[in-house]
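Engineer: With my numbering, the residue at position 102 of the sequence shown is 99, and numbering never jumps.
Worth flagging that the hints you see were computed from the coordinates, not collected in a lab.
Heads up, none of these hints are tricks.
Okay, derived cross-link-like pairs now, BS3-like style, lysine-lysine, Cα gap no bigger than 27 angstroms in a straight line:
#1 295 - 174
#2 37 - 12
#3 41 - 282
#4 121 - 174
#5 121 - 25
#6 356 - 322
#7 50 - 37
#8 37 - 282
#9 50 - 63
#10 418 - 336
#11 60 - 113
#12 37 - 109
#13 336 - 320
#14 109 - 94
#15 136 - 25
#16 41 - 12
#17 356 - 282
#18 174 - 66
#19 41 - 121
#20 12 - 276
#21 282 - 121
#22 356 - 449
#23 63 - 51
#24 449 - 418
#25 50 - 121
#26 94 - 63
#27 37 - 113
#28 113 - 41
#29 37 - 25
#30 174 - 109
#31 356 - 283
#32 121 - 276
#33 380 - 322
#34 174 - 41
#35 109 - 51
#36 315 - 356
#37 60 - 109
#38 94 - 60
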Amino acid sequence: MWLEEEHSAIPQYLKFEEIESGLMDQDKERIRNIWNTLTKQQTKFSSAVEALKKHWGTGRNFKADKEAKAITGSPPVKLRGEFSRAISVIITHAPQKPGETSDIEIWQTTEKSLRKTVSDEHNKYLLLLRLYYEMLLEKDRDKSILPHDHILRQEIIQRNAFVRVINSIYRFHSAAKAAHHQQKTGTRLRRARKIPYVHHTMQVSNMAMLDVMPFVIEGITEEIREKINLVTLIAICQIHDMSEDTTLSAEEAVSEFVKRIANTDDSTIDPVIVSGFGKTRSEVKKQMLNLVDETVEKELLQTLRIVSDNTRLTPAEKEIAEKQKIRERYEGERYEWQKLTEFLVRLNAIPAAQNSSPKIAQTALITKIEDRANNLETEHSLKRLHATTDVLIRYAMTEHDNGNYPLFNSLPRLIDITLEKYRELQSQNETPFAAEDLALIAELEQWQRKVKRHQNPPVVKEILKEYRSLTA
-2 MWLEEEHSAI PQYLKFEEIE SGLMDQDKER IRNIWNTLTK QQTKFSSAVE ALKKHWGTGR
58 NFKADKEAKA ITGSPPVKLR GEFSRAISVI ITHAPQKPGE TSDIEIWQTT EKSLRKTVSD
118 EHNKYLLLLR LYYEMLLEKD RDKSILPHDH ILRQEIIQRN AFVRVINSIY RFHSAAKAAH
178 HQQKTGTRLR RARKIPYVHH TMQVSNMAML DVMPFVIEGI TEEIREKINL VTLIAICQIH
238 DMSEDTTLSA EEAVSEFVKR IANTDDSTID PVIVSGFGKT RSEVKKQMLN LVDETVEKEL
298 LQTLRIVSDN TRLTPAEKEI AEKQKIRERY EGERYEWQKL TEFLVRLNAI PAAQNSSPKI
358 AQTALITKIE DRANNLETEH SLKRLHATTD VLIRYAMTEH DNGNYPLFNS LPRLIDITLE
418 KYRELQSQNE TPFAAEDLAL IAELEQWQRK VKRHQNPPVV KEILKEYRSL TA
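Given the sequences, and given the hints that come with them, work out the whole structure.
Structural biologist: Here it is as structure tokens:
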């Protein structure tokens, strides 16, 4: 993953031996125990990865079937190293013989087991790394384990935030996979490219991270950092289609999948979970390690209701929607207009009825923008581009409070993609565009010049350069 090489590794200056001198004597042994457990787990994780890579290397001894070769011949993302050679064997349909297990089936079973071991060891490593950082940052009123004025405190805060994001991406992707796997077998693939639905949700999440995260964690100001919860954003990007594409209600999606999977802990790390201020182990897990607390759960439920097309408004929300008159301003006669307009109705009515923080609408709007941008990459009919411009982009540019609740680089991304796809259709179409579409293209060009583009810090630019080289 594009974040991990930079932020899940522990730099030399944050190793326990380097910061031990800044700790009080009564805290050193406790933090040292966490550190020793963490470094052992890092070794176990590395060993599990090497064992899996070694097994992937033996995949060349087997012949993949034609269907597997066709699928892996043009994958939606670049496949790297040993995995690129093994994937066709992993998805090959093994020959079935009554009472016999073929060599390729044995290989596939072993590969699956090794892959699960890597996942488990990786999750445990991330939990321990977060625990190490959290315990260094632990405070109680005016007291703190690592002094408030310690030169590395802000660095640890930012690194801990990045690791929390990495942990969130994996956990919420697991929740999305589990839920979307319940779709009927014939509906698990997207029509346009015949790839699993869950790949789309992961792409939307990655896009949001590219467009938002650098400016929230690296932070333009403390105020902006507080106005959007990255954990909520990652989660909603991963599960935004869950209540539409599965039999789960929004409430079931959040409580039965997201919260349960995100907050699953590893009891083997319990012995080193010891607070410096007398908190119980349960309190430490709840306050420091759980990804979905009561606040995030409430935010997720409201945001999922906003982005889900099958949401039914409550009587109170309907009454507010009537007063806001969103439909009168945006609704067109065709389905694409109506679908986006109803999203805007929910975007405004649900937070108002619930008296929610504006960051709920901010998170929902970013998610919808990234979702639409990803969809336009493969499905960009003229009517879809027209509705995107006339409803979603127009609202984001003219009515959303971008000053206080920025959409960061999600909005420039959608404007750029919409304009690019308009021009593609224009070059392919022998019939001139209608005056209405030409006017929208001109408006898009104006918005493209006007929209604020946030500039990435240098270290983030390097990470993004590497990421894009892998997905180009």
